Amino acid sequence: MIDYQTDQFTLRKNLQERQRMSYNLYQIDLPEHPEAVIFVNGFVARDRAGFLWMWQNLFWIRHTTAQAKGCVQVKAGICGPREVIMTSYWRSENDLKDFFRGAGHRQMMQFTAKHPQSLCLYNETYQPLRSGKYTHEPQGMASLYARV
Numbered sequence: 003m004i005d006y007q008t009d010q011f012t013l014r015k016n017l018q019e020r021q022r023m024s025y026n027l028y029q030i031d032l033p034e035h036p037e038a039v040i041f042v043n044g045f046v047a048r049d050r051a052g053f054l055w056m057w058q059n060l061f062w063i064r065h066t067t068a069q070a071k072g073c074v075q076v077k078a079g080i081c082g083p084r085e086v087i088m089t090s091y092w093r094s095e096n097d098l099k100d101f102f103r104g105a106g107h108r109q110m111m112q113f114t115a116k117h118p119q120s121l122c123l124y125n126e127t128y129q130p131l132r133s134g135k136y137t138h139e140p141q142g143m144a145s146l147y148a149r150v
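Numbering of the sequence shown is given in my numbering, commencing with residue 3 and proceeding in unit increments.
Hint data in this document are derived by calculation from the structure and do not stem from the laboratory. It should be emphasised that the depicted structure is a prediction, and the values quoted were computed from it without experimental measurement. Among the hints, erroneous ones may be present.
[To be verified] Simulated restraints, written as ranges between beta carbons of each label pair:
#	residue 1	residue 2	range
1	P36	K71	17 to 27 Å
2	E126	W57	36 to 46 Å
3	G79	A51	20 to 30 Å
4	W57	Y28	15 to 25 Å
5	Q29	K116	41 to 51 Å
6	G104	Y124	13 to 23 Å
The beta carbon of each residue, even a glycine, is placed where N, CA and C say it ideally should be.
I would like the entire structure built from these sequences, with the hints used as guidance.
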C-alpha cells in the first residue's frame, strides 16, 4: 500500500532541494581544430626516497608548471599518500613541448635520473574533441575558450 501523503511530501522536498541547488550549466564553443592540449601526469612513490621527494617538491612542480609560457591552468589532486596527479591546460602542443625542453622540467627530471626506481611517472596528452560541462566560473578547458 502506498502512503500518498508521504510520497507528496517526498516529492515536494526533492523539488525544493533541486530549486535550492540550481545553477547555470554551460558548455564552450571549441574551434573546429583546437590547438589547446590537456596534459595529465602522475607520480607514484615506489620507495621512501620517492615519497619524500614527491611531497617536498609537489608545490614547486605545480608552481613551475603554472608559470610556464602557454600554461593556462594546473589542477593537482591527491590520489593517496603515495600518488598525486596533475592536469595542466596548454594553449598549444608547442607550448607544452617548450616546457619539456626548459630548465624547470629538466630540474624535475634530475631526481628520476639519479633514482630511476623511486618514482613511477606517467603522462598522457589529449586534444579536446568536444566541450565539457561547466558551472559558475571557467575552469579547465573553459579557461581557454569560454566567453563568459
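Consistency of the hints with the structure:
no.	hint	result
1	P36 x K71: 17 to 27 Å	18 Å, holds
2	E126 x W57: 36 to 46 Å	23 Å, violated
3	G79 x A51: 20 to 30 Å	23 Å, holds
4	W57 x Y28: 15 to 25 Å	37 Å, violated
5	Q29 x K116: 41 to 51 Å	45 Å, holds
6	G104 x Y124: 13 to 23 Å	20 Å, holds
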